[in-house]
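Chemist: Quick note, the sequences are listed as chains A and B, same order.
For the first sequence, the positions run 50 to 814 when the working numbering is used.
For the second sequence, the positions run 50 to 814 when the working numbering is used.
Because the hints were derived from the structure by calculation, they are not lab data.
Hints are not guaranteed to be accurate.
Any copy will do: because identical chains look the same in the list, a pair fits if it lies in one copy or spans two.
Unchecked claim - Here are the computed lysine-lysine pairs in the DSBU-like style, where the Cα-Cα straight-line distance is at most 35 Å:
| # | residue 1 | residue 2 |
| --- | --- | --- |
| 1 | K165 | K361 |
| 2 | K769 | K384 |
| 3 | K234 | K120 |
| 4 | K225 | K51 |
| 5 | K98 | K526 |
| 6 | K445 | K51 |
| 7 | K225 | K113 |
| 8 | K120 | K606 |
| 9 | K769 | K663 |
| 10 | K703 | K120 |
| 11 | K120 | K51 |
| 12 | K331 | K606 |
| 13 | K636 | K590 |
| 14 | K524 | K604 |
| 15 | K636 | K256 |
Listed below, chain by chain, are the residues.
Number of protein chains: 2
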Amino acid sequence: MKDYLVKDNWKIIEDQYHIEFNQISESIFSIGNGHMGQRANFEESFTGKTLQGNYIGGVYYPDKTRVGWWKNGYPEYFAKVLNACDWIGIRILLDQEEVDLHKAEIKKFYRELDMKRGVLTRKAEFITPKGRHLSIESQRFCSMADDEIGAIEYKVTSRNYNGGLALVSYLDFDVKNSDANYDEKFWEEDQQVASDEAMYVIAKTRKTNFQCAASMDHSLTINGGKSDHYFDYGNGEKYVEVFISGEIVTDGEWVYHKFVNISSSRNHNAESLLPDALTKSKAARSAGFELLLESHVDAWSKIWNTADIVIKDDVAAQQGIRFNIFQLYQTYTGKDSRLNIGPKGFTGEKYGGSTYWDTEAYCLPFYLSTTDASVARNLLIYRHNQLDRAIENAEKLGFSDGAALYPMVTMNGEECHNEWEITFEEIHRNGAIAYAIYDYIKYTGDQDYLVSHGVEVLVAIARFWSQRVNFSEAKQKYVMLGVTGPNEYENNVNNNWYTNYIATWCMDYAAESLAYIKKSHSADYSRIISLINFNESELEKWSDITAKMYFPVDKNKGIYLQQDGFLDKDIISVTDLPQSERPIHQKWSWDRILRSCFIKQADVLQGLYFFEDKFDLEDIRRNYEYYEPLTVHESSLSPCVHSILATKLNMKDKAYEMYLQTSRLDLDDYNNDTEDGCHITSMAGTWLAIVRGFAGMSVENDTLSFSPKLPKQWTEVSFKTNFRGQMIELVMSKDGNHLNNLSDSSIKVILNNKEFVVEPIGVTI
Amino acid sequence: MKDYLVKDNWKIIEDQYHIEFNQISESIFSIGNGHMGQRANFEESFTGKTLQGNYIGGVYYPDKTRVGWWKNGYPEYFAKVLNACDWIGIRILLDQEEVDLHKAEIKKFYRELDMKRGVLTRKAEFITPKGRHLSIESQRFCSMADDEIGAIEYKVTSRNYNGGLALVSYLDFDVKNSDANYDEKFWEEDQQVASDEAMYVIAKTRKTNFQCAASMDHSLTINGGKSDHYFDYGNGEKYVEVFISGEIVTDGEWVYHKFVNISSSRNHNAESLLPDALTKSKAARSAGFELLLESHVDAWSKIWNTADIVIKDDVAAQQGIRFNIFQLYQTYTGKDSRLNIGPKGFTGEKYGGSTYWDTEAYCLPFYLSTTDASVARNLLIYRHNQLDRAIENAEKLGFSDGAALYPMVTMNGEECHNEWEITFEEIHRNGAIAYAIYDYIKYTGDQDYLVSHGVEVLVAIARFWSQRVNFSEAKQKYVMLGVTGPNEYENNVNNNWYTNYIATWCMDYAAESLAYIKKSHSADYSRIISLINFNESELEKWSDITAKMYFPVDKNKGIYLQQDGFLDKDIISVTDLPQSERPIHQKWSWDRILRSCFIKQADVLQGLYFFEDKFDLEDIRRNYEYYEPLTVHESSLSPCVHSILATKLNMKDKAYEMYLQTSRLDLDDYNNDTEDGCHITSMAGTWLAIVRGFAGMSVENDTLSFSPKLPKQWTEVSFKTNFRGQMIELVMSKDGNHLNNLSDSSIKVILNNKEFVVEPIGVTI
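Working from the sequences, and respecting the hints, build out all of it.
Modeler: Given below as structure tokens:
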């Protein structure tokens, strides 16, 4: 846990030079716009600890898998989002000296991420080893208005130096991934040109052949006007630079603007990739930094208008939730259904920028509520697009007849993960993908999606489950052997309650969906059953399985058992676990973790959260009270589910405690790993804890419903939600709850189990 | 399955050039002497497929572990026996041409491994691309009389070539392991000298700093006498050569002898390593090839005198069992308690030449019976020497108070394996190590070993088990969670019957051993309890556990359950598994294997084999009949156990079928993997199937006992066994059984449950 950042409602501020936390700050102060993003590396050369990172969404490299002992079915590669063109680079050369903050004496340092405007600012005043006293000030952003554009304003001011100054501004594709399994470079040279007319590099990824273009234009103002300076150009492998030299005097100021366009063959055809890029970088310079910034800030303003959560009188909480919302939108804007939400977004290399079940289980509701439904729909389309690969993946593992197993980790639909206990066994992800379809339709009412896309995915998933179970002669029930549930601190268990439950639910939901389509969309039904080669006898098989599915329970304790044999464990409360042994994933050997009763993240409770309407409150309470004390919450995805359930159970303090565990996870570097990147997907969990937890938002029979329970630590929280084209704002305060209908027609809303019609003018209840 | 080798009672013969099988032959025709060994690579240059391999026992490199995702407790390195000095190299240079059989037209080819004499012979007649017709003939051996000495006789005969001939004879430490995880070279240069006075290379292993010396001397005879030839010397990095040039004419013959001494700092101190080596290689040349060969053959003759098994009228079986005995003695001779038996011996790199539980579970009885008891004792001492490391290993996993977990794979006592399901969970290996002590004492009567060494190991193992179980409130029994049994096609199971059984047995045996020592060696007892810090309350804990240990059983079926939940599986017989899906470890994904009922190797049956005197025959039969049909025998260690039990159950055909599955495993390349090296440790299983199976040899109350059941396919089988200093021969034939007492005093022997006193002159019964 760290506490070096200034608390502010809208800004993240580092007001002193914390070299020891530089890599953490690089993660936290990252900027992005869904298409591209980058860590908060310095523009100028820096020899201190840094993880360079510039990323382009969807541009990946299939890095050869590294494994100790190979097992059949392992993927050949792990797709990694690439460290792409370093486009921010601006070196500062003085006479016989290059500026490097790591070697300078820092007099003042200030780094700010303005979340409202999406702008990263950095100011530094320093004295170089040769005694040159200078200031630099940079501002940069990845434009939300035009997601291929990045712009930097870079000022150098002399405090005491009179002499030569050169800025070397460059584009560099000759970069490595620090997580490359075999230290390979992933980029191949294509072309690079640096001249008065054009500056660009085109590079190609090895194997995947993504062609990416980085082009730049720029301008320089010296002392507010024109002054003598000289341009010189250079290039190297996958590299171009412009060398701008002149003189600076005490109190003199150079203001350099760099306008970059980053694009790829994912969005441009081969012929137009370069001309488009050059046109756009030139146009950006013509527009100028201020105008570009204005459009960018406007775009952010539109996002905040619907996505913001306002927490009054608690700056830390306000900053935390805004940071989470901000990073989620920097990572994924929903424009491109081929993109998804990497667990680290554009803030680091870890997890390869790939897609996990986090998207469906945690992130989808955030996008459903905070923006247009098309965004959440694109997240579903992403999986629909990858259905064939999911079927192939299942076939590799021995399944057949159109059964699909979605990968645990993927970039393009192919499995990337290679730990057998996860790759092959953590199959509940299939359930979350089906659940997301249900969740989307429940929220949006978009039944057409089911017909046009959803049902194909649902059937393929149901087929998987129906083949994955087997009938136990001993139990006279269907069982599911050899799985890993959401709690990854158990591997290869039998009858994980959560997995059995969601599998059953998937088969039922697929059957219901087919019945609905058959009844209401008979033409589509014929098309679909022919398309997916569906035989109605499959329905009988599914219903036989769901009727005879085995669920481990303990009747005495009145709980669902996490898995067969769970009660054979030595049951100890986490409170009896010495702090020195935590986190157990760092302190304990794996076998000890597996044998222990300690739970990494919500497992049975994840099921009760997803399907809370199927269980009575006492049921939920008994399970919560049994499992929560055994849970170490060593996944950032755990506390939010507990917070939501605790709110539901009126355990307000527990709910708030659990909320706090993730709300400032990265800002306070709670898990000591923010230097690898921020926990993007778990940020949605924090949002869930407020909106689905404290505000109790849900949809009941096509009606939006709230059951607000404001934590006693807060005075007022408000947020908007986009529900089927209407915008509703909920203000929960100590003094009561207030609903504002921000749309132009009335809406029926349930508040604390009572139905109200809210007119376009806000009413207080 | 391949069938390209000529069947012969004493020789392995390849009488045609099978380039496609060259790497298999390289494994099969390997030679070794316990200290060093090598694959049957050609002396001259060869550009065809080959796996170069020269190994020195105990000289290993801690290769940095390769792993996909790291888990706490994983070892930092995997110790690998190194590909060491290539000392056999002799290049043949003709005018403007180098001999390379891969590029030549082969007219005749003959390779022979004479197992009686331990000599590898190769003859080839060929025509080079330039039309030179030549023959070569080489003989070589690694001396059993002096295990640092290797010698080669290499003849080159011209059939039509008149011109320049040069032999380049070299020592080359600049070699790689083909299984190096990061393509590193493991050897560092030390010194190399090549001159008329001395030729040697000294190299050092990186990290482990083993210093190894290879020195050579040599002689050349041209056309039976002296003829003009010139010596020239060269060296390079870790490399020396002598270049001998002259002329050869049609029908002319060069006979070159190479005498090499390979030694290491394991057996010599730094000062004497080089002088000793030089002295010995010179002495070898002085003695000459014939004399060295004679001593070598004598040494083999002594081994065969006690270790041979004679099978009459079945050449394939005779060749098979002799090959197995031969390879076991090439791998381990028992002189050095710091060495052990790598699963591939000196025939390949796979499994790193490390020690597995195979030694105790399979190999120990072979050495117990076929040679002096000191050899088996050295195998026990090996583990005793490594006890401290086993305790450290257990500590890493969270155990304490002197509990030991022996590693799954080791070179020096430290764990090398890094698959959590094996490293941390396949803990039954601890049981086999304790069982070996019991087995040794039962056979030899050497109770003193228990006092001097054994009990320390037994107590440390018992302590481990007592900490590894936990009390299940649900079952009101002790349970053992999260293990992998001998059947590695199940991972992380609860209450593996075999593991629970052997754990209980270990605690009981440790307690009995302590009681015995307390009673009979009270002074030792005081020393021991002080040494190991033993508290008698531990005995109570052990007895509580063994009294309340949980064993999964199915009363209806009358079987012990392999593990909790086994009967939830879809139970299918292997006979219903299509041949196209076998072996499942190649055809199926890992999760499918885990979920299936198919068993890799004896598991419950391994327990019934070890502890057969504790179970009645009907018990064994029920379990055999239940589990054998589910067993795919995809471990080479499986069929022998089944063969022994089948013999016991009078299932003679099954016993023979199981015997055949391993007896020629490598000779017929049954598993398509002999090119990686031979299955050395499983060879002991074949021996067990004959001696403990067909001959029914056991020890009952300190008396040797036989219950012979000769397979009907055989007419006569005989072997000797060394029992407590006396040599007994059993001849089982269709006409009856015959015991010869080859010692000089009478001995009591049980034959088919009847006790006889066999006088030093053979008696027929």
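Chemist: Give the relationship of K769 and K663 under a CA distance limit of 35 Å: within one copy only, between copies only, both, or neither.
Modeler: within (28 Å within a copy, 73 Å between copies)
Chemist: Cα distance capped at 35 Å. Does K331 pair with K606 within a copy, between copies, both, or neither?
Modeler: Close neither inside one copy (70 Å) nor across copies (82 Å); limit 35 Å.
Chemist: Taking 35 Å as the upper bound on the Cα-Cα distance, should K636 and K590 be classified as within, between, both, or neither?
Modeler: between (46 Å within a copy, 27 Å between copies)
Chemist: Pop the pair K120 and K51 into one bin, within, between, both or neither, using alpha-carbon distances up to 35 Å.
Modeler: between (41 Å within a copy, 26 Å between copies)
Chemist: With identical chains, the pair K98 and K526 could be close in the same copy or across copies; at 35 Å between alpha carbons, which is it: within, between, both, or neither?
Modeler: This pair counts as neither: shortest intra-copy Cα distance 57 Å, inter-copy 54 Å.
Chemist: Regarding K445 and K51, is the shortest C-alpha distance of 35 Å or less found within a copy, between copies, in both, or in neither?
Modeler: between (45 Å within a copy, 30 Å between copies)
Chemist: If the cut is 35 Å between Cα atoms, do K524 and K604 qualify within a copy, between copies, both or neither?
Modeler: Cα proximity of K524 and K604: in one copy and across copies (17 Å, 15 Å).
Chemist: Up to 35 Å between alpha-carbons, please classify K225 paired with K113: within, between, both or neither.
Modeler: Classified as both: same-chain Cα gap 15 Å, cross-chain 22 Å, threshold 35 Å.
Chemist: Up to 35 Å between alpha-carbons, please classify K120 paired with K606: within, between, both or neither.
Modeler: Between copies, since 34 Å is at most 35 Å while 40 Å is not.
Chemist: Between K225 and K51, at a C-alpha cutoff of 35 Å, which is it: within one copy, between copies, both, or neither?
Modeler: For K225 and K51, the Cα distance is within 35 Å only inside one copy (29 Å; across copies 48 Å).
Chemist: Measure nothing new, just compare the shortest in-copy and cross-copy C-alpha distances for K636 and K256 to 35 Å and report within, between, both or neither.
Modeler: Close across copies (28 Å), not inside one copy (39 Å); limit 35 Å.
Chemist: Indicate which option fits the pair K769, K384 if close means a Cα-Cα distance not exceeding 35 Å: within, between, both or neither.
Modeler: within (21 Å within a copy, 81 Å between copies)
The structure fails hints 5 and 12 (numbered hints given earlier, in ascending order).
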